[in-house]
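Visitor: Working from the sequences, and respecting the hints, build out all of it.
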Amino acid sequence: QVQLVESGGGLVQPGGSLRLSCAASGIAFSLYLMGWYRQAPGKQRELVAFISGGGITDYADSVKGRFTISRDNAENMVYLQMNSLKPEDTAVYYCNGRLGRSDHWGQGTQVTVSS
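Here my numbering is used: the first residue of the sequence shown is 908, the next is one more, and so on.
In short, the hints are calculated from the structure, not lab data. Mixed in with the good hints, there may be bad ones.
Stated by the list, open to error - No more than 35 Å apart at the CA atoms, straight line, and that leaves these computed lysine-lysine pairs for DSBU-like:
(1) Lys950 with Lys971
(2) Lys993 with Lys971
(3) Lys993 with Lys950
Every value quoted in this text rests on a predicted model; they were computed, and no experiment measured them.
Guide: Pasting the structure below:
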């Protein structure tokens, strides 16, 4: 059974940092393209960042220079380090794993940036 389990969300002040983690099981993790998406209230889900099995990364323009995605293929983990957080980063953040037609999602973790 495939599971993606996110953790690390919470409430943080503007300018602060959070690190999200996603633990994957039931998949050949190192082969999967892993991504972080987010969905704010009333908005569509959007891609934040992705990382290939070999470590190639890309980011949404809105988070470039502030967020860093990384993965540990030995531990089946993917991370999102978020720095210089802004109120507009407030959203539910979802972990995604994709390989061909295989597409899996976590349950999401809430990130709230507010003073």
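Visitor: Confirm or reject each hint.
Guide: So, going through the hints one by one against the coordinates:
{"no.": "1", "hint": "Lys950 with Lys971", "result": "holds, 20 Å"}
{"no.": "2", "hint": "Lys993 with Lys971", "result": "holds, 13 Å"}
{"no.": "3", "hint": "Lys993 with Lys950", "result": "holds, 17 Å"}
Of the hints listed earlier, there is not a single one the structure fails to meet.
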